[in-house]
Amino acid sequence: MEKIRTENLSFYYGSKQALSNISMLIRDRQITALIGPSGCGKSTFLRCLNRMNDTISGTRAEGQVLLDGQDIYSSLTDVVDLRRRVGMVFQRPNPFPQSIFDNVAFGPRVLGMHREKSLDAIVEQSLRGAVLWEEVRDNLGQDALSLSLGQQQRLCIARAIAVKPEVILMDEPCSALDPIATLEIEELMQKLQENYCIVIVTHNMQQAARVSDWTGFFWLGELVEFGATETIFTRPQQQLTEDYITGRAG
Amino acid sequence: MDRYLVQRAGFALLGLMALMVVLPILLVIGTIVVQGGGAISWEFLSAMPRDGMKAGGIFPAIVGTLLLTLGTALVAIPIGVGGAVYLAEYARDTWLTRAIRLAIINLAGIPSVVYGLFGLGLFVLFLQFGTSILAGALTLAIMTLPIIISAAEEALRGVPTEFRTVSISLGGTRWQGIRRVVLPQALPGIITGVILGLLRAAGETAPILFTVAAFFLPRLPQSPFDQTMALPYHLYVISTQVPGMPLQIQFGTALVLLILVLSLNVLATSIRSYFRRRRQW
Numbered sequence: 001m002e003k004i005r006t007e008n009l010s011f012y013y014g015s016k017q018a019l020s021n022i023s024m025l026i027r028d029r030q031i032t033a034l035i036g037p038s039g040c041g042k043s044t045f046l047r048c049l050n051r052m053n054d055t056i057s058g059t060r061a062e063g064q065v066l067l068d069g070q071d072i073y074s075s076l077t078d079v080v081d082l083r084r085r086v087g088m089v090f091q092r093p094n095p096f097p098q099s100i101f102d103n104v105a106f107g108p109r110v111l112g113m114h115r116e117k118s119l120d121a122i123v124e125q126s127l128r129g130a131v132l133w134e135e136v137r138d139n140l141g142q143d144a145l146s147l148s149l150g151q152q153q154r155l156c157i158a159r160a161i162a163v164k165p166e167v168i169l170m171d172e173p174c175s176a177l178d179p180i181a182t183l184e185i186e187e188l189m190q191k192l193q194e195n196y197c198i199v200i201v202t203h204n205m206q207q208a209a210r211v212s213d214w215t216g217f218f219w220l221g222e223l224v225e226f227g228a229t230e231t232i233f234t235r236p237q238q239q240l241t242e243d244y245i246t247g248r249a250g
Numbered sequence: 001m002d003r004y005l006v007q008r009a010g011f012a013l014l015g016l017m018a019l020m021v022v023l024p025i026l027l028v029i030g031t032i033v034v035q036g037g038g039a040i041s042w043e044f045l046s047a048m049p050r051d052g053m054k055a056g057g058i059f060p061a062i063v064g065t066l067l068l069t070l071g072t073a074l075v076a077i078p079i080g081v082g083g084a085v086y087l088a089e090y091a092r093d094t095w096l097t098r099a100i101r102l103a104i105i106n107l108a109g110i111p112s113v114v115y116g117l118f119g120l121g122l123f124v125l126f127l128q129f130g131t132s133i134l135a136g137a138l139t140l141a142i143m144t145l146p147i148i149i150s151a152a153e154e155a156l157r158g159v160p161t162e163f164r165t166v167s168i169s170l171g172g173t174r175w176q177g178i179r180r181v182v183l184p185q186a187l188p189g190i191i192t193g194v195i196l197g198l199l200r201a202a203g204e205t206a207p208i209l210f211t212v213a214a215f216f217l218p219r220l221p222q223s224p225f226d227q228t229m230a231l232p233y234h235l236y237v238i239s240t241q242v243p244g245m246p247l248q249i250q251f252g253t254a255l256v257l258l259i260l261v262l263s264l265n266v267l268a269t270s271i272r273s274y275f276r277r278r279r280q281w
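Protein sequence lines correspond, in order, to chains A and B. Going by this note's numbering, 162 is the number at position 162 of the first sequence; the sequence numbering is gapless. Going by this note's numbering, 233 is the number at position 233 of the second sequence; the sequence numbering is gapless.
This is chain B alone, in the form it adopts within the complex:
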């Protein structure tokens, strides 16, 4: 057979496969926008749910998800970035640091429902935080940590060793070099990793299932020890637990969650590409 023909057929096939990667995301977004777009209104975004969640809005779920994400950020960012600085800048290769790295890799591989059960056992029951935002945010933070640590460590290692050497040669301590040169250079990568980690936390259902999420709570949480509704769990509830739920509300809720998560994603990607273009070393 003509080898040029083979090549053309091959490329066509490969192109088709590449296209098939894009197809699902277009279909998912398309379906949700078409089916749920009609549900979006000011009331839907800003009102409490009514009539057994079949009418009204999803305001408490939106607020709940934002609060949970914020709580996760408060816990996971300092620990994650701090740990990454230690691992990338200070830690020597010992059995301890190898164990830490192994732990991070394994943390990343644990199914999210297991985090949920762990959170229930540790935070809700043992530490007696109850089913609360605190317990949920801590659980999500532990789940997010490996993502943040890995991304931040990679970003730090990406900064040329030379900058640290020069800083030392000018009479700076190692920490001064890290704080004044290395961290600012690694910041875009760290921010990107943080956002991607939080994104995952915002969209997860299983870890909040037993630790914080309320089935139906038509008011805003009053304290970190309060329960709250949250978008992913709310979506799960109205899709499986409430008979006769209007399809439009289900897809409308999905659309809000999707917009929230995708906009974070776009933010992360644009921060990364903006700084990549500016970087000259």
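Next up, chain A with everything else stripped away, as it sits in the complex:
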């Protein structure tokens, strides 16, 4: 089922064009991976999907990004609410320097939820959702920065799902993690996929092949090829894609 569709999306940092005419269909409850060399525009594309690029001055988007058929770049869009619906997990684990509980409760609180009971419930539910609950259930008051990096990243995922988003964007979520923590995040993604639409940017092609259903290959701001992950990695249509995934280009 379609969740997000971009139509001829172009993006500019000042006069420099970072994306040109990207049209892509992202399906709900599936994992879509974006691959490509550094600077190819895959992170820029990801950040167009919840308009995080808006926070950088001098940027401009053209074309459309349709979330459930509604153009998020239209002037009617409530950008603050858009970001609640389209959550984000960043490259480096970045919990707030607060307790584990306060980290997860941050989103619900800014959205106006203050009742102790409902907060307790949503914190537990989110931590369970991020497979962190069993490890931290007795230390919710503990400083989040005392967790291991892998735990911190799962905490960031719990924090993101606490506001009940529909889409989760992940910007190289494992690049700061060791292989075991990476594996845990990947398993978590498979589990989250049952309830969310997930888009992940990754440098790691094995990771894209392992976890994703769909893969888009970016090169110099263009979407060279998009298709089912299996097809992309076994029978790519474009020579450039084949060169990249076999390590001859990029």
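No wet-lab data here; the hints were simulated from the structure. There's no promise every hint is true.
[Unchecked claim] What follows is a list of derived Cβ distance ranges for each label pair:
1. B:Pro184 / A:Ser75: 32 to 40 Å
2. A:Thr55 / B:Ser263: 42 to 50 Å
3. B:Arg174 / A:Glu62: 21 to 29 Å
4. B:Arg174 / A:Ser146: 22 to 30 Å
5. A:Ile56 / B:Ile25: 44 to 52 Å
6. A:Asp243 / B:Gly10: 53 to 61 Å
7. A:Asn139 / B:Pro78: 42 to 50 Å
8. A:Ser15 / B:Arg174: 47 to 55 Å
9. A:Gly69 / B:Pro78: 45 to 53 Å
10. B:Thr94 / A:Asp68: 34 to 42 Å
11. B:Ile110 / A:Asn139: 52 to 60 Å
12. B:Gly30 / A:Thr55: 50 to 58 Å
[Unchecked claim] Among chain B residues calculated to face chain A with C-beta under 8 Å, some are:
13. Ser150
14. Val166
15. Val181
[Claimed, not checked] Residues from chain B shown here face chain A by an in silico Cβ test under 8 Å; the list is partial:
16. Phe163
17. Arg180
18. Gln185
Idealized CB from N, CA, C, for every residue including glycine.
Based on these hints, arrange chain B on the given structure of chain A.
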């Protein structure tokens, strides 16, 4: 010449110079403690001055300085911190914000006696506050503002951008991110800057000279429109204007002022180092 010898001689010389930085502060404190320590007594701290200030205590001057510092804080903290939040978090780089920054830098460079005259002209005469705590505190507040704004802005900019981004990505408004994450993180730096600014206000003579300070007023101020004695001005008076003043009282007054200011300084430094140790990003 042996290059190792040169190095050793060089280090010795540099070490000596570093030592010479410490020497004056030790001498200042040492002299004042030795000469003025004997003057400190409960009466000296808690009584009104008597016999043309040659006897009795300096209670009204201590209270005056505390009140002036408090008044300065009430005015300078909200304006200074608020302005810093605006400059660090919201302001885009326009000619207006550049002008504001330029104004702050220039405010910091104005000699304190000029603030005094300005306060006299604006608050005492034009706005008719009279020679009063209100006029003095406002004058000191203007002098303190650039210190507080600069320190607070620096503290805010020290908080990683990431926290603001994450807050936005969770559906928070910019202000929610600032209030819930950025401000608490910047607070130690802001507090330190505030204390250092107030410290300067507490010790200044020139800005209060024409705006609030009373030569001799052996009672406590009754309202914000009252004059008051204040420690720095009192010290100036008894050191230059009263013939036959016992040296011990002069140094005793200096010691009280020094203790007041240094303890604020120690407080600021320990707040800063305590939170620096706790900070993990």
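Exercise. Starting from the hint list further up, note which numbers the structure goes against and sort them upward.
Key: 7, 8 and 13
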